[in-house]
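Undergrad: This is what each chain is made of:
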Amino acid sequence: MYSEKVMDHFTNPRNVGEIENPSGVGTVGNAKCGDIMRMYLDIDEKGVIQEARFKTFGCGAAVATSSMATELVKGKNVEEALQVTNKAVLEALDGLPPLKVHCSLLAEEAIHAALWDYAKKHHMKIEGLEKPVNDIEEKEDIEEEN
Amino acid sequence: MNKPIYLDNAATTRVYPEVVDAMSPYFAEYFGNPSSIYSFAGKAKEAVDKARSILAKGIGARPEEIYFTAGGSEADNWAIKAAAEACGDKGKHIITSKIEHHAVLHTCEYLKKKGYEITYLDVDEKGSINLEELKRAIRPDTILISVMTANNEIGTIEPIEQIGAVAKEHGILFHTDGVQAFGHIPMDVDAMNVDMLSASAHKINGPKGIGFLYIRKGVKIRSFIHGGAQERQRRAGTLNVPGIVGFGKAAELAFAHMEDHAAYETELRDYLIERVLAEIPHSRLNGERQKRLPGNANFCFRFIEGESMLIWLDRQGICGSSGSACTSGSLDPSHVLLAIGLPHETAHGSLRLTLSYENTKEEIDYTVEQLTEIIERLRGMSPLWEDFCKEE
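For the protein sequence lines, the chains are A and B, in the order given. By this note's numbering, the letter at position 28 of the first sequence is numbered 28, and the numbering carries on one by one without gaps. By this note's numbering, the letter at position 49 of the second sequence is numbered 49, and the numbering carries on one by one without gaps.
Hint data in this document are derived by calculation from the structure and do not stem from the laboratory. These figures come from a predicted structure and were not determined experimentally. Using N, Cα and C, we set each Cβ at its ideal position, and we do this for glycine too. Among the clues, some could well be false.
[As the list claims (entries may be wrong)] Restraint ranges, calculated between C-beta atoms of paired labels, are given here:
no., chain 1, residue 1, chain 2, residue 2, range
1, A, Glu91, B, Tyr366, 53 to 61 Å
2, B, Gly380, A, Gln50, 57 to 65 Å
3, A, Val101, B, Asn130, 52 to 60 Å
4, B, Gly88, A, Asp8, 50 to 58 Å
5, B, Lys3, A, Lys125, 56 to 64 Å
6, B, Asp49, A, Asp8, 51 to 59 Å
7, B, Phe388, A, Asn21, 15 to 23 Å
8, B, Glu64, A, Asp8, 42 to 50 Å
[Claimed, not checked] Now the stretches of chain A that chain B is said to cover, found in silico as 3 or more residues with beta-carbon under 8 Å:
no., region
9, 50-59
10, 68-78
Could you build the full structure based on these sequences and the hints that come with them?
TA: The structure is reproduced here in structure tokens:
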């Protein structure tokens, strides 16, 4: 049911782990739904992401999207990292089964949450970055209401 | 390991070679329609009658009380919908439990939309319903009680005889979904006081697509599939002769070996449970320790998610199943695990391993070794585990 790329990133996840004193760290998702992603970023003074690491509680797709998201943001500056959308993660993994697409949304959220934390720590505002909704479910509900 | 280690026998089982052999003449050789008059069809009719007798005898019923269906789900649907319809004049209240198979739960939900009222009995932390709660739930307009004989996920065996006695005392129809129990543990329709019982062939090393509904003589429920006069005009459709023959053969073998198989599976299951609980930290057994199906083991491992575990097990050649949301096709984990009081995050980390007498101790040893490694690896990347370790 998963593409080869997804299986590869699930069985050999890149950048698993923590970063001590990270520039930014964010946790999204909730245990109730069975997916929690934590993303750590190390960002240098020029605003370039030197290192990205993750920890994920979740299914195969959740692990693979986290792994891919860390790969995609590494080496990018903050503005470029914001362009790593769920769609970008999906495409890089050659797609996900329909029921698993929310995992890629979670990966995007995790990047945003880590960047938000970075911005907060540095008392700066990142253009185009909104405070991430930690609970994917809440977000979907809001979208439905709209 | 070349051959997969198959530990998902509650999902389906391997068809025995003897069963395949018994079935095969009824495809191309004795292919006649058992409803036909000419003598050529007689072979098929005889074979169906023989299978029906074996199945009936196995549950202490009469052959004419066995109605073949396309499987357990059809039998459940039929029992509940037809009973609701037949007794609609008396009332519209049905009692079932929170841990039934979806074939029962979704049928009840369907009836709810049609104006029926459903009471879902709670279960305790081991998965057993409470007889006092059942008695309290009974109303003058209660027309049906449906409680499974044994649960498909956690293996807990329900107090069916007592439930049946309560139903009988109040003159209420009693149906039990016996799909997981039939052929694995002794069942007797009179001792259990059941009016209807669902069973399926593919859970007992028979073919898929064939089951039966036992309907006690005198219980007036109408047909579910309309058409020809098959099955005493209660279930239309040309009989699935090879399937029925296979079901009969599988049941014959299951009843003949029930004691040995149950004893072997129970020993192997207990060995698996003891090793897992002793060797894997933060693990728990779900369901009754003793009063459970012989081959069923169901665990929860904290801080990890079930689907990840299954994919890794699969890569090591081990087939199991989980009650996590990702395997249920929704965002909620198994309704059974929630009903026994597990928090969502724990329920997401469940693993069901269901053994057969064909499994070996070596397979269980290998499985426990692999599982220990997999859980360690997954916890190593789990933020929940990270938080837990920091708190410790």
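Undergrad: Are the hints correct? Go through all of them and say.
TA: Against the structure, the hints:
Glu91 (chain A) and Tyr366 (chain B) have their C-beta atoms about 39 Å apart, which leaves the hinted 53 to 61 Å range violated. Our hint of 57 to 65 Å for Gly380 (chain B) and Gln50 (chain A) is violated, since their Cβ atoms are close to 23 Å apart. Here the CB-CB span from Val101 (chain A) to Asn130 (chain B) is close to 42 Å, at odds with the stated 52 to 60 Å. Under the hint 50 to 58 Å, the C-beta atoms of Gly88 (chain B) and Asp8 (chain A), about 57 Å apart, fit the expected range.
At roughly 60 Å, the beta carbons of Lys3 (chain B) and Lys125 (chain A) sit within the given window of 56 to 64 Å. A hinted range of 51 to 59 Å holds for the C-beta pair Asp49 (chain B) and Asp8 (chain A), which are about 56 Å apart. In this structure the supplied range 15 to 23 Å holds for Phe388 (chain B) paired with Asn21 (chain A), their Cβ-Cβ distance being about 21 Å. In this structure, Glu64 (chain B) and Asp8 (chain A) break the distance hint of 42 to 50 Å, their C-beta atoms being roughly 59 Å apart.
For the region 50-59 of chain A, the assignment as covered by chain B holds, since 6 residues bring a beta-carbon within under 8 Å of that chain's beta-carbons and 3 suffice. Coverage of a stretch by a chain is defined here by at least three residues with a beta carbon nearer than 8 Å to that chain's beta carbons; for the region 68-78 of chain A and chain B the count is 0, and the condition is violated.
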